[in-house]
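Novice: Residue 336 in my numbering sits at position 336 of the sequence shown; the count goes up by one each step and never skips.
Take the hints with a grain of salt, since some may be wrong.
As the list claims (entries may be wrong) - In silico DSS-like cross-links for lysine-lysine, where the CA-CA straight-line distance does not exceed 30 Å:
id, residue 1, residue 2
1, K438, K342
2, K175, K229
3, K194, K175
What the hints assert, rightly or not - Listed next, with one range per pair, are the computed distances between beta-carbon atoms:
id, residue 1, residue 2, range
4, N401, L105, 51 to 61 Å
5, I195, Q480, 33 to 43 Å
6, N38, L171, 42 to 52 Å
7, Q480, T130, 17 to 27 Å
8, K101, K175, 15 to 25 Å
Please keep in mind that the hints were generated in silico from the structure rather than gathered at the bench.
Glycine included, every Cβ here is placed at the ideal spot set by N, Cα and C.
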Amino acid sequence: MKGIICALFFIAAALGADFNQPVLWEDLADLDIFRVDNTFYYSASTMHYSPGAPILQSYDLVNWEFVAHSVPTLDWGSIYNLDGGQAYVKGIWASTLRYRKSNGLWYWIGCIQFSTTYIYTAPSVTGPWTKSSVINTCYYDCSLLIDDDDTMYVAYGGTTISVAQLSSNGLSQVKTQQVFTSTIGAIEGSRFYKINGEYYIFNTLPANAEYVLKGSSPWGPYTQKLLLKDIATPIIGGGVPHQGGIVDTPAGDWYYMAFVDSYPGGRVPVLAPITWGSDGFPAITTVNGGWGTQYPYPLTPHTLTPPTGKDTFQGTMLGPQWEWNHNPDPSYYSVNNGLTLKTATVTSDLYAARNTLTHRILGPDSTATIELKINNMKPGDRSGLAMLRDSSAYVAVINNNGAFRLSMVAGLTMDANWNTLSTGSEVAGVNLSGSPSKIWLRAYANIQPGSGRTASFYYSTDGASFHSIGTPYTLNNTWQFFMGYRYGIFNYATVSLGGSVLVSSFEMESGAPASGTTTTTTASQPSTITTAPTAGATQSKWGQCDGSGWTGPTACA
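Could you put together the complete structure from these sequences and hints?
Specialist: See the structure below:
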């Protein structure tokens with residue numbers, strides 16, 4: 001039945017159905033988007049997560065999948081290893097990715113910590129990616145343009161926008177020149193294009209406006225025009241679409257992909273068609289004066305691997321959808337029919353623990369479940385599933401000298417410099433009888449934009465019957481940490497190293513959990529959070545039967 005419904009959907013889509021905003025309800029900010037032949041590519045910022053700068057690909061601008069990372073490891077100092085400090089909110093900010101046809105190389109360029117620009121290259125989008133050059137100046141919020149004559153230029157800067165010309169191999173700077181100084185505020189987030197013989201630099205005035213510079217030379221002079229300001233958002237509770245970039249289809253239709261501040265979930269991409277005026281400037285195709293909640297598909301829908309489903313960690317490498325909190329220590333984890341996490345840090349602080357593996361949360365709400373084999377934990381070890389951000393909570397299994405306890409911990413917080421302010425405290429706990437070898441941990445997260453959104457935690461000893469633990473945790477929806485909440489899988493020691501857990505699987509479902517039965521153990525928890533629908537019930541789904549775009553409540557089975 002599911003296959004029939006999906007087939008009917010794709011027939012309808014091909015006949016002119018609409019896609020829904022956001023095109024990806026995941027935290028993928030500071031995007032750079034471009035096309036190579038019939039394939040679209042998308043690069044995003046990741047800050048302190050490793051590997052960095054994820055690459056996604058699409059064939060229709062709506063369905064996307066992760067394929068690689070441009071930066072294999074954050075090789076910029078010991079703090080990125082949580083050694084002698086931390087790199088929270090440092091690392092990869094807005095950066096740029098392009099393919100150069102003349103030499104068959106892919107280039108990623110980004111400024112790290114406002115001081116140094118790094119260039120990574122690869123012979124294929126999937127790698128291997130290597131650090132090829134260092135430029136001792138900051139190409140802040142940069143964008144790479146490969147001109148018709150193969151000359152490489154980079155637009156960058158804040159308030160004052162500069163253009164640098166790179167060497168013939170694209171690895172060093174030949175010259176740089178200021179080309180525009182803003183009189184309206186601190187514009188940034190450059191995206192650089194050449195279209196019909198004219199040069200364009202798109203800039204944002206955070207976080208509610210987008211401007212376009214146009215000139216006949218990469219060096220200017222440039223004329224500035226407003227593209228949007230305070231346009232109505234397509235995401236209820238979200239911010240104004242801004243930043244991002246433009247791309248054309250093989251047929252010559254143009255689209256603008258921006259992002260919307262949607263905390264506590266992060267910054268999510270939205271897509272709109274654009275047209276070109278007689279003055280050579282673009283204009284957004286609006287719906288009732290705002291950014292449309294729906295638009296016609298740019299191309300025939302092309303489905304890819306959905307973000308939902310179960311990962312059993314087959315093979316010997318993690319999939320490209322995974323990123324670690326800071327660089328991992330590879331000697332303390334392995335992938336082989338499951339993910340083995342050895343304790344890599346002795347600490348009482350989750351924010352200081354190495355080898356915490358993270359996964360973006362699917363919005364507007366979703367559920368993550370992990371299966372843990374815990375028989376190799378040592379006394380003092382703590383392993384679990386977190387809602388990870390600058391204000392965090394988690395559910396964990398703890399080895400208390402051979403006796404196991406389930407604990408929900410909340411109130412982990414950071415100060416304004418992203419140093420640990422509190423390691424949290426137990427909200428609720430359950431002692432487990434006997435010596436269990438397996439435990440299932442679950443988190444349900446509502447990350448719709450706005451205040452008062454919550455996450456709830458659950459556990460199971462058989463993988464079928466789940467019990468709530470603790471109370472709903474209120475998520476922080478401030479923007480200063482930039483990155484949105486993530487699911488985090490962790491295992492750290494508080495006494496000594498030597499223990500390990502096996503993560504047999506990670507499963508993410510859209511909406512509330514659709515499998516198993518959830519029973520409440522805390523009276524204060526509302527039934528909408530603690531009670532899961534039975535399998536097969538109507539539920540919130542990502543896309544039309546695992547297709548693309550958010551459609552709201554949809555029956556797909």
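Novice: Would you list, in rising numerical order, the hints stated earlier that this structure does not obey?
Specialist: Hints 2, 6, 7 contradicted; others consistent.
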